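Protein chains in written order, with my numbering: chain A, 1 to 107; chain B, 1001 to 1148.
Be a bit skeptical, because a hint or two may be false.
To be verified - Below, in silico cross-link-like pairs of lysine-lysine (DSSO-like), each with a Cα-Cα straight-line distance of 30 Å or less: (1) B:LYS1046 x A:LYS50; (2) A:LYS88 x B:LYS1100; (3) B:LYS1064 x B:LYS1006; (4) A:LYS93 x B:LYS1003; (5) B:LYS1064 x A:LYS96; (6) A:LYS93 x B:LYS1006.
Unchecked claim - Computed list of chain A residues with no C-beta within reach of chain B, every gap over 10 Å: (7) ASP7; (8) ASN33; (9) ILE51.
Hints are computed from structural coordinates only; laboratory data are not their basis.
Computed from a predicted model, the values in this text were never measured in an experiment.
Quick reminder that beta carbons are idealized off the backbone N, C-alpha and C, glycines included.
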Amino acid sequence: MAQPTLDAFQVIADPGRRQMLLLLSKNSLTINNLAENFDMSRPAVSKHIKILQTAGFISITDIGRERYCTLKPDGFNEVQDWISYFDKFWSGKLKKLEMLLNQKAKK
Amino acid sequence: MSKTIKHTLFYSHAPEIVWEYLTKAELIEQWLMKSDFLPVVGHEFKFHTRPLPQFNFDGNVYCKVLEVVPQKKLIYSWKGGPRPGDINMDSIVKWILIPKDNGTELQLEHSGLIEHAGIFQAMNEGWLKNIKKIDELINTALHGTTHP
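The following block holds chain A by itself, in its conformation from the complex (with noise of 0.2 Å):
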């Protein structure tokens, strides 16, 4: 089945994913583990966990016969990135404005 790429505000927009972060961030948990905290199907877990992956949220490695996830950097950068926009924005905003109130003061 086709997952549809969502950026990673949509990736957090469901709670059902945040949760599944929450707990991935105090501990790597197996598939298995991390499903049986959720009441939902084990292909809706499946599906979910596609999509934090393929959102660079998660990694997924094999270790034994079992499957880890364990969080990734990669997603959040993206929030990071947006971050920073605005906060280059208003820097580069008020220095304008202090240019602005430097020319007014040797008028």
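Let chain A serve as the given structure and place chain B on it in line with the hints.
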């Protein structure tokens, strides 16, 4: 990861002058963006900036004045999204002016830029620790020292 943007600047001008630049549309346009701003609580106004498709942002910023304390404080909402009517950024811009001996300290706080910011905080704190744990698990598996 900080979820609130904060800037503190000092301008060698009295608060009433800085306030004018924050609240008069023709002055706002000179340093920020063109808008139909009015310093009246409940007034709705718009800004337009560069679209950022990678962040699902079409460049339209929809604002509403939330609080006005002349020469001291100004708060407005700052919303946007991928297209008109579809809002995924629901944030708040707060300006505080503090009079100083020879000028004004201006504080800007832009908060709420990301919904569910708490989850990013938790992930940011948790991922490195968990990466190390998984490395240990892999090493254990590779070197055959299995625990019963």
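Hint check, failures only: Those not satisfied are hints 1 and 7.
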